[in-house]
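Q: Residue numbers (my numbering), protein chains in the order written: chain A, 40 to 305; chain B, 45 to 330.
Treat the hints with caution; some may be incorrect.
Quick look at which bits of chain A chain B covers, simulated, 3 or more residues with Cβ under 8 Å [to be verified]:
hint	stretch
1	214–227
2	245–258
A short list of chain B residues far from chain A (calculated; beta carbon distances all over 10 Å) [what the hints assert, rightly or not]:
hint	residue
3	63
4	75
5	174
6	281
7	289
8	307
9	326
10	328
Each computed SDA-like pair below joins lysine to any residue, with the alpha-carbon atoms no more than 25 Å apart [stated by the list, open to error]:
hint	chain 1	residue 1	chain 2	residue 2
11	A	218	B	215
12	A	218	B	122
13	A	218	B	144
14	B	170	B	239
15	B	226	B	314
16	A	170	A	289
17	A	228	B	48
18	A	109	B	248
19	B	113	B	239
20	B	149	A	214
21	B	149	A	249
22	B	149	A	243
23	B	113	A	227
24	B	125	A	214
25	A	218	B	53
26	A	218	B	48
27	B	130	A	227
28	B	125	A	232
29	B	75	B	237
30	A	218	B	101
31	A	218	B	162
32	A	228	B	123
33	B	125	A	237
34	A	218	B	166
35	A	228	B	226
36	B	113	B	214
37	B	122	A	233
38	B	234	B	193
39	B	130	A	215
40	B	122	A	227
No lab work stands behind these hints: they were computed from the structure.
Nothing here was measured: the structure is a model prediction, and the numbers come from that model.
Glycine included, C-beta positions come from ideal geometry on N, C-alpha and C.
So the chains spell out like this:
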Amino acid sequence: MGNFTLGRYIPLDSPIHRMDPRAKISAMLVVLIAIFFPAGWIGYGIIFAVVASVIVTARLSFRYILRSMKPMMFMMVFLLVINSLVMKTGTPLFTLGSFTLYSDAILQTLYIVVRLLLMIMITTCLTATTKPLDMTLGIEDLLKPFEKIHVPSHEIAMLISIALRFIPDLIDETNRIIKAQESRGVDLKEGKFSERIMAILSLVVPLFVSAFQRAEDLANAMEARGYAPGEKRTRYKVLKMETRDHLLLAGAFLLLGTMIWLAYFR
Amino acid sequence: MAIRFEKVSHIYSDGTPYRYVALSDVDLELKEGKMTAIIGQTGSGKSTLVQHLNALLLPTAGKLTVLDKVIEAGGEHKGLKELRGKVGLVFQFPEYQLFEETVLKDIAFGPKNFGVSEQDALKQAKEAMKMVGLGKEYEERSPLELSGGQKRRVAIAGILAMDPKVLVLDEPTAGLDPAGTKSMMELFRKLNREYGKTVLIVTHDMEQVFGYCDEVVVIENGRVRTHETVREFFRDSSACKAMGVLPPDVITLKEMLIAKGFQVPEDVMDTDTLAKVIAKQVKHHG
Chain A
40 MGNFTLGRYI
50 PLDSPIHRMD
60 PRAKISAMLV
70 VLIAIFFPAG
80 WIGYGIIFAV
90 VASVIVTARL
100 SFRYILRSMK
110 PMMFMMVFLL
120 VINSLVMKTG
130 TPLFTLGSFT
140 LYSDAILQTL
150 YIVVRLLLMI
160 MITTCLTATT
170 KPLDMTLGIE
180 DLLKPFEKIH
190 VPSHEIAMLI
200 SIALRFIPDL
210 IDETNRIIKA
220 QESRGVDLKE
230 GKFSERIMAI
240 LSLVVPLFVS
250 AFQRAEDLAN
260 AMEARGYAPG
270 EKRTRYKVLK
280 METRDHLLLA
290 GAFLLLGTMI
300 WLAYFR
Chain B
45 MAIRFEKVSH
55 IYSDGTPYRY
65 VALSDVDLEL
75 KEGKMTAIIG
85 QTGSGKSTLV
95 QHLNALLLPT
105 AGKLTVLDKV
115 IEAGGEHKGL
125 KELRGKVGLV
135 FQFPEYQLFE
145 ETVLKDIAFG
155 PKNFGVSEQD
165 ALKQAKEAMK
175 MVGLGKEYEE
185 RSPLELSGGQ
195 KRRVAIAGIL
205 AMDPKVLVLD
215 EPTAGLDPAG
225 TKSMMELFRK
235 LNREYGKTVL
245 IVTHDMEQVF
255 GYCDEVVVIE
265 NGRVRTHETV
275 REFFRDSSAC
285 KAMGVLPPDV
295 ITLKEMLIAK
305 GFQVPEDVMD
315 TDTLAKVIAK
325 QVKHHG
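Kindly generate the complete structure, drawing on both the sequences and the hints.
A: This is the structure we're talking about:
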């Protein structure tokens, strides 16, 4: 699990890294929405160019982004298979027995793949340049207006930051339990179906037990230090929007506008 | 020959920026039937070393012989599972590996994985429970509702039920109370003396090393620094002081007495003999 790249923060120093998390999160959401307008290949080309320039400014490598695509490969192949079985429009490309492949199947899959690629690029831009803690602060602030309709913004932010905090711990724990069970003769790679079910059970149960144990310990530790959810809290780090943050937001909305224009008014 | 390391190295994440050399050129021979302590500071490579013994980790360089299995770096390895049945490895805080509905089933899980029939596995599990001192009344209880010390006994029984020739324990008494620690160490001694198992214990407690083990292996920065008998290791407190750990009380007492002018022969290492030697000298003066 060492090559777990999706959504990991990369500690570098760049203008993008220094931006306000609220601006980055909102801009990401706006651009994500922009992707879903059917603006055709020109539209995707523009979005790609914009996102690529952001990646370059953030000093991230494209290799890294491509690597975080890897987990999606299976899904893309799956999509292609489904599409080529279902799509029966466009020009037939070739026929194999009773099965005919149509051009729209390939085109549709390609559309989805490009959208996915862009989405991953954008979200990676956010997660790789924003510390998890800043991210939760940003989310908390962005959810603030919804408190009027009883959205517990602080609790949600706390939940997310705790979840993020425990990911590396749980990965370590999983590796430890795998080793312990392998020492007891568990074979995770081979074996009959029933044996493999048992093998997975021997990992999942201890993992749950220890996760609950950790949760309880953490809850006690927080309570012991006087944490009470729902109470007013001051903040150590105060976020402040600057010119470049406003520029980023303006750019994102401009992109959204362009996509809408390309899709409907051209 | 039970275990032999020949120029074994282990490097984590080789070829990445996270490269970390945990073991380098380790040469080590451990004889069958001995009880050996492996000591060293946190991060010295002890855990990496013991995980080689049942092939959870494979050497990145060098050659390793465990019982009659030869593991060479870079080779194709089959029959590693068989080795895991012969070398029982008990991890630190092993109670976190329990998962079955009942204690008996959990202990029988190991032997069943190695192809022992259901009936025989249960029989071996019952024997293992007897060895670790868990009564029949525990058989049908859930392992998750036991106390910490009892859980650890169940976990160790789970390894013993596989009937390994070599038993490797990574800090088996961490977090136990003094009484639990003592009975646990006595169990390991019994397994070594009566059942003839080769026992390896990773520990930080010099009293355990001094009181129960035959040999000491000191690991430092991924290398074997010393490998000698317990009597040699504790002839004075210098070895302990070099490692920054407290020597056993008897050794400290002996050195304090020598500093006060008593004549104590070097091979005196237990309280009773020490008392006799001192008594003689006190009478002599009186």
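Q: Given the hint that residue 122/B pairs with residue 227/A, test it: the Cα-Cα distance must not exceed 25 Å.
A: 15 Å, holds
Q: Given the hinted pair residue 234/B and residue 193/B, is their Cα-Cα distance within 25 Å?
A: 19 Å, holds
Q: Closer than 8 Å, Cβ to Cβ, for at least three residues: run that test on the stretch 245–258 of chain A against chain B and report holds or violated.
A: It holds: at least three residues are needed, and the stretch 245–258 of chain A offers 3 whose Cβ sits within less than 8 Å of chain B.
Q: For a C-alpha distance cap of 25 Å, please report whether residue 228/A and residue 123/B respect it.
A: Holds. Residue 228/A to residue 123/B sits at ~14 Å (cutoff 25 Å).
Q: Taking the closest pair, is the beta carbon of residue 289/B still more than 10 Å from chain A?
A: 26 Å, holds
Q: Would the hint linking residue 218/A and residue 166/B be met if the CA-CA limit is 25 Å?
A: 23 Å, holds
Q: Check whether the Cα positions of residue 75/B and residue 237/B lie no farther apart than 25 Å.
A: OK: residue 75/B and residue 237/B at ~14 Å, within 25 Å.
Q: Can you confirm whether the C-alpha distance between residue 218/A and residue 101/B stays at or below 25 Å?
A: Given pair residue 218/A, residue 101/B holds - Cα atoms ~10 Å apart, limit 25 Å.
Q: Would you check the hint for residue 125/B and residue 214/A, treating anything up to 25 Å between C-alpha atoms as holding?
A: 18 Å, holds
Q: Please work out if residue 226/B and residue 314/B have their alpha carbons no farther apart than 25 Å.
A: Answer holds: residue 226/B to residue 314/B is near 18 Å, not above 25 Å.
Q: Grab the minimum beta-carbon distance between residue 328/B and chain A and tell me whether it stays above 10 Å.
A: 57 Å, holds
Q: Tell me if the straight-line CA distance from residue 113/B to residue 227/A falls inside 25 Å.
A: Answer holds: residue 113/B to residue 227/A is near 22 Å, not above 25 Å.
Consistency note: the structure conflicts with the earlier hints numbered 17, 18 and 35.
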